[in-house]
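Engineer: Residue numbers (this note's numbering), protein chains in the order written: chain A, 1 to 232; chain B, 1 to 447; chain C, 1 to 522.
No wet-lab data here; the hints were simulated from the structure. Here the structure is a predicted model, which is why all the values come from computation and not from measurement. Think of the CB as a built atom: it goes at the ideal place given N, C-alpha and C, for glycine as much as any other residue. Some clues are possibly wrong.
Calculated pairs, EDC-like style, for lysine to aspartate or glutamate (alpha carbon to alpha carbon, straight line, at most 20 Å) [said to hold, decoys possible]: (1) Lys122/C - Glu143/A; (2) Lys96/B - Glu4/C; (3) Lys374/B - Glu4/C; (4) Lys373/B - Asp502/C; (5) Lys27/A - Glu173/C; (6) Lys15/C - Glu33/B; (7) Lys16/C - Glu343/B; (8) Lys22/A - Glu404/B; (9) Lys489/C - Glu111/B; (10) Lys437/B - Glu6/A; (11) Lys9/C - Asp438/B; (12) Lys175/C - Asp21/A; (13) Lys9/C - Glu29/B; (14) Lys135/C - Asp81/C; (15) Lys2/A - Glu343/B; (16) Lys15/C - Glu404/B; (17) Lys94/C - Glu6/A; (18) Lys120/C - Glu404/B; (19) Lys31/B - Glu195/C; (20) Lys16/C - Asp438/B; (21) Lys374/B - Glu173/C; (22) Lys409/C - Glu29/B; (23) Lys8/C - Glu33/B.
Some, not all, of what chain B presents toward chain C, calculated at C-beta under 10 Å [as the list claims (entries may be wrong)]: (24) Pro90; (25) Lys229; (26) Glu233; (27) Val302.
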Amino acid sequence: MKNPFEAFHQAGVRKREIPLDKILKSKEETLSTILKGYEDLLKNEAKDLVWLMQYSTVIKAYSIAEKGIEGIEYTAEDIEEFCYALDHSDQIPYLITGPAGVYISALCNHAKEEEIYLHLRDLTVKINLLGYRLPTDKKLIVEGNVGDFTGIGLDGGEFIIEGSGKNYTGAGMKRGRIIVRHNLGFNTGHGMTGGELIVGGRIKGLGKIVGGKIYERDQLIFPHEGIKPFSF
Amino acid sequence: MKNGYYQTKIRGIYKYISDNLYLNRPDVEIKGEHFNSTLLFSLLTGINRGKELIIGEPGLGKTTSAEYVGSILYRYPLGVIWGSEVSGHPEQTEEKIIGRPHLGELNKGKERVVWSNFAQIPVKIVDEINRLPETKQSMILNGVDRGNWEYLNEILINDEYSLFATANYQDRGTNTIIAPLIDRFDVLIESRHPGSNIAYIIGKEASSNHPLRHPQYEKELHQILRGDKPYEEKMTLAEGVCNLFGDYLKEHLGLEGLNKDERNNVNEEMVEIDFDLDTNAFVRMALAELSFCHKYGQKRSVEVCEEGCHYTGYLCHHIKNCASNRLPISIRNYAQALAWFLEDDGVDIEHVRLIIPHVLAHRIQWKDSYLSKKEGEGRNDPFQIYLAKEATEEIFQRYNEQREYLLDALSVGYRAFAGEEVTPLEGDHPIYEEIKKDIGVKDEKPL
Amino acid sequence: MEIEEIIKKVWPRVKKKHLFPHLPLPTMIEGGDDCALEIKSKQLSISNAFYEKLKDKMDGEEIVEAVLDHGITHYMYCPWDFHTHLTLYNEAKKVVRQKEQAQRATTYFMDVVTDTYCVKEKNTKIAQLYKNLPKHGMYEVLTSLYEKIWGENLGSGGHEELVNRLSRIPYLERKRWRESIKKFTKVIQDILEKEWENEQQSSQREPNPLGEHSLKNYSLEEIDRGLREFATAVEDLQEFRETVDDLREELEEKGYGTGGMGRGKANPIDANLLYYMKLAESYTLPIRKLPIEKRGYLHPHAHMPWEIGKPFADIDIWTSFGKIIPGITQIWTKREGETHGEFEGTPDCLIVIDSSGSMINPRERLSYAVLGAACACNAYLKLESKAAVYNFSDALRGNKIVLDFNHEKEQIYQAICRYFGGGTAMDLADITYLLSRANNPDIFIITDMQITNLERLIEFFNKIENRVTAVHLGSNVHTTRFKDGTEKKKNISIFNVKNKEDIPKIVLGKVKEYLASPAKWR
């Protein structure tokens with residue numbers, strides 16, 4: 001039978017590649033690698049799609065996340081792409097905000113940039129555990145609202161939330177600063193041993209705080225006459 | 001004879017008819033030139049031996065435009081054209097359309113057919129074809145399609161002919177043109193109102209003697225056609241009279257028609273004109289959208305495409321029937337004819353974008369939901385042609401977006417078909433599925 | 001003039017390059033040396049002043065070709081149609097929340113997409129053009145971006161951080177334009193705000209050197225179609241309303257009114273009404289107009305060949321040449337006579353719509369009730385029938401609209417879209433009155449059936465012979481009661497609607513069924 005595509009046998013089109021193509025290709029490859037790391041984390045940690053929020057599980061998950069991102073060359077924009085893909089893409093089969101937050105925290109903590117800006121305002125989910133163990137040399141600015149356990153175990157970095165948070169913000173933070181433009185939920189600063197937590201709006205409730213300072217609407221509310229440090 | 005010799009003649013015919021006989025506005029533009037679509041397509045039908053369906057309101061020149069083109073191009077005096085027309089009405093019979101028994105011979109018990117002028121001459125005009133009952137429409141299918149006319153076990157085969165059929169818009173006295181017949185028409189065109197200013201001057205300079213009439217030659221031709229000689233001999237004799245009429249046209253009107261050899265030469269020239277790659281790919285893309293069905297393998301009028309199909313955004317979702325194989329033939333013939341007429345080296349996308357709507361308009365059955373959606377939109381064309389134009393532009397937009405990728409896919413298709421181990425390119429358009437089918441890749445339908 | 005000659009020379013090859021767009025030969029305009037190109041209703045016009053300014057730095061033909069490449073690609077690729085333009089604007093507005101800034105962002109984005117497409121896919125001198133254009137403000141950023149993503153030296157530079165972020169956007173992926181323009185707008189948000197502030201102070205706006213994008217680029221038909229597609233595509237009514245409100249002035253100036261095109265400046269646009277109108281257009285019905293009745297007698301219609309065994313009585317001796325021979329003899333086939341029936345056209349329709357507190361406010365969210373009523377209205381008006389509206393909440397306290405039968409689409413829509421949000425009680429006297437105003441009209445009622453005088457309504461429907469299409473939203477004890485109460489009536493059809501797709505299908509189906517065969521409703 002005659003080849004029906006005969007006319008196209010020399011139709012190898014002059015393809016002009018522009019730098020944009022390379023940039024996007026590299027971006028997609030990086031995102032794929034990052035996504036793979038996240039999937040590996042889920043495989044290990046979120047069996048049956050259940051992940052228990054416990055001290056030990058968070059530490060373990062963070063350790064796996066760190067291993068997963070080892071060797072990946074990425075930028076702050078790649079982290080933001082990953083956050084966007086979490087919410088919108090078909091590439092991620094399931095989103096569990098705990099491991100996602102741990103993973104993003106690992107990405108932020110090991111990013112080359114000292115200052116990382118994440119635009120998360122359009123995300124429909126609020127990611128938990130952002131800013132986990134943010135180190136001294138890092139500044140993380142999140143535009144949008146965040147979930148529970150934000151900035152827990154903060155380790156010297158500066159974490160700015162241009163929005164509101166939920167519960168257990170700053171839990172167990174050791175040093176550094178968390179600035180929240182709007183409101184926070186319950187158990188704020190639970191187990192906090194140092195650092196500053198500055199809230200522009202309302203705090204629904206404080207946790208059992210050991211040390212550090214908490215401000216609500218420019219007023220120091222911990223340590224305060226009515227609230228004494230807690231000893232575990 | 002190349003170098004535009006024949007094209008000049010055809011342009012001369014166009015100019016004469018548009019200046020003197022069929023007054024109307026230019027309504028299409030191609031390659032910087034403006035033409036009246038009815039006249040242009042009628043000429044293309046004439047030189048291309050095509051079949052044209054002309055629609056329009058009563059009295060807007062549907063039949064007369066075809067008569068003029070037929071008369072000048074084939075050099076038959078107008079009186080012969082008139083005498084050969086078939087008019088559509090319910091009482092039409094096979095004897096009036098195709099032929100009848102020779103009554104004298106019949107009384108002697110012998111069968112001999114007297115062929116109608118309509119069956120014999122190469123210019124065939126059926127006036128108001130949609131007034132023919134459906135049984136009569138079925139009768140002329142073979143003749144319309146191939147120029148084969150049968151009656152009483154005798155057969156007459158036209159070796160060249162052009163068919164023009166006219167139809168008014170649907171009213172109480174009209175029937176639907178049956179699907180097999182309508183598919184046999186190459187193009188659908190509207191004969192429009194010329195506007196009040198041009199309409200006012202129509203007929204102003206009419207003289208009692210129509211310039212395309214010649215009583216003497218008409219009489220001779222009628223005698224030839226009525227005679228007993230074999231068909232081929234009659235046509236040779238008729239050609240002689242046509243040559244004389246052609247000389248008359250040249251002398252008195254400065255018009256040159258084409259003789260049979262010249263018409264054959266024109267056809268040979270047209271056939272040699274090739275499609276460029278873009279046009280080739282674009283037409284394939286259009287055919288894919290008009291024939292493909294992801295769920296059922298191909299479009300079928302009896303199978304309904306449901307909501308939720310991946311290809312909902314494509315034309316295959318909006319149409320009921322499948323494009324026939326006559327569609328690409330019509331596209332090819334008319335696009336080549338147009339490119340030839342414009343003296344272009346090859347057929348490009350501009351040619352096919354002009355042709356495809358007219359080739360498509362009468363062949364597509366749109367879903368009611370699509371019709372309803374589009375019905376209220378403002379337009380300059382009758383609804384069928386408007387829908388076809390919109391469809392063509394939709395396909396064109398898709399082609400424009402993925403041109404490079406599609407050409408690549410077709411190139412890979414060539415290699416795969418030739419036996420090379422290559423992976424066909426994936427894409428979002430039915431054409432990519434068609435390419436895969438052609439190279440033997442199995443289509444995994446999701447459950 | 002020189003430029004006109006160049007345009008004529010260059011146009012055929014530019015057209016061919018872009019696969020023959022349906023655009024007329026571009027023209028030349030004087031003046032406007034800051035702005036190279038004007039596009040109005042598909043007519044491209046190149047500024048002679050711009051050309052003169054640039055021709056010392058670039059070859060004349062190259063200038064014209066580059067400008068035409070840009071203009072044609074806007075027409076052929078981005079935005080291609082008004083719907084795309086609206087969509088992009090809508091997404092940009094979600095980021096900046098300010099009309100002029102969103103318009104600017106949309107313009108910049110479309111320019112980047114267009115020029116990048118040209119550079120990648122066509123043989124163009126657009127890069128050269130940018131090299132020679134003045135670079136300030138946002139154009140400096142864009143030129144730096146182009147340097148990065150096209151790999152060309154355009155004499156710009158700087159704005160590294162912005163350019164790094166902008167360069168990661170997939171401009172040539174049409175399917176991702178919605179998210180891309182949001183990212184794009186987010187990155188340049190500060191610049192947009194600064195520009196806006198400067199413009200407020202100086203009351204002067206920096207023109208786009210390669211032409212502005214406004215509604216002037218589109219014809220009324222394109223705008224109409226674009227709005228319809230946009231209404232179908234947006235997630236909610238608010239988005240549509242916001243966008244249309246933003247563009248109200250321009251739309252009205254073009255002569256586009258709520259009722260459609262050519263309504264002139266006098267008719268202000270009601271965005272809510274327009275939304276339902278456009279959405280309902282996507283669900284319109286195809287309905288036959290001419291009812292035909294058989295008269296009962298036969299008349300000769302056509303010939304067919306006679307076969308041995310067929311009756312002689314119908315033989316037509318004239319067409320048979322006086323012979324009874326198979327193959328020659330013809331007989332008549334007969335057909336029943338047809339004529340227009342006693343009732344021509346289709347009945348009028350009384351639309352009864354519930355706008356009590358339990359129903360959705362159509363001006364806040366998509367109301368299936370209003371959409372269904374709008375579809376029914378369209379179907380009848382299209383058939384040249386009239387529609388009346390009885391919009392009720394607590395009718396006995398005056399919360400009602402009683403609109404008599406008429407053809408005015410806008411009036412009917414206004415009545416349908418009105419929301420009272422009060423109690424739910426019908427005044428059956430109003431319905432009786434309206435029914436008396438037309439000849440046996442159909443009734444289309446859409447409600448959640450939580451009507452205080454439901455029993456009276458059931459009783460009323462059981463007495464009348466008009467065809468009733470009752471659509472209820474959701475299921476509850478009242479809907480069950482209504483179904484049971486009207487079960488025996490053949491002229492009442494009841495449908496349940498749970499989502500948007502249900503209403504138009506059911507409305508279409510039922511209306512189609514009885515309007516397509518009007519003899520049934522006699």
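Engineer: Given the proposed pairing of Lys175/C with Asp21/A, does the C-alpha separation stay at or below 20 Å?
Structural biologist: Since the Cα atoms of Lys175/C and Asp21/A sit roughly 16 Å apart, the hinted pair holds (cutoff 20 Å).
Engineer: Next pair to validate is Lys8/C with Glu33/B; report whether the Cα-Cα distance is within 20 Å.
Structural biologist: 14 Å, holds
Engineer: For the pair supplied as a hint, Lys122/C and Glu143/A, is the alpha-carbon distance within the 20 Å limit?
Structural biologist: Distance ~39 Å between Lys122/C and Glu143/A Cα, so the pair is violated.
Engineer: When you check the alpha-carbon spacing of Lys9/C and Glu29/B, does it fall within 20 Å?
Structural biologist: 18 Å, holds
Engineer: Is Lys96/B close enough to Glu4/C, meaning Cα to Cα at most 20 Å?
Structural biologist: Given pair Lys96/B, Glu4/C is violated - Cα atoms ~60 Å apart, limit 20 Å.
Engineer: Is Lys437/B close enough to Glu6/A, meaning Cα to Cα at most 20 Å?
Structural biologist: 16 Å, holds
Engineer: Are the Cα atoms of Lys409/C and Glu29/B separated by 20 Å or less?
Structural biologist: 38 Å, violated
Engineer: Next pair to validate is Lys15/C with Glu33/B; report whether the Cα-Cα distance is within 20 Å.
Structural biologist: Holds, at about 14 Å.
Engineer: Please verify whether Lys489/C and Glu111/B have alpha carbons no more than 20 Å apart.
Structural biologist: Between Lys489/C and Glu111/B the Cα gap is close to 68 Å, so the pair fails against 20 Å, i.e. violated.
Engineer: Compare the distance between the alpha carbons of Lys373/B and Asp502/C with 20 Å, and conclude whether the hinted pair is satisfied.
Structural biologist: 18 Å, holds
Engineer: Could you grab the alpha-carbon distance between Lys15/C and Glu404/B and see if it respects the 20 Å cut-off?
Structural biologist: With Cα atoms ~18 Å apart, Lys15/C and Glu404/B stay inside 20 Å; holds.
Engineer: For Lys9/C and Asp438/B, compute the direct alpha-carbon distance and say whether it is at most 20 Å.
Structural biologist: 43 Å, violated
Consistency with the previously given hints fails for numbers 1, 2, 3, 9, 11, 14, 15, 17, 19, 20, 21, 22, 25, 26 and 27, ordered from lowest to highest.
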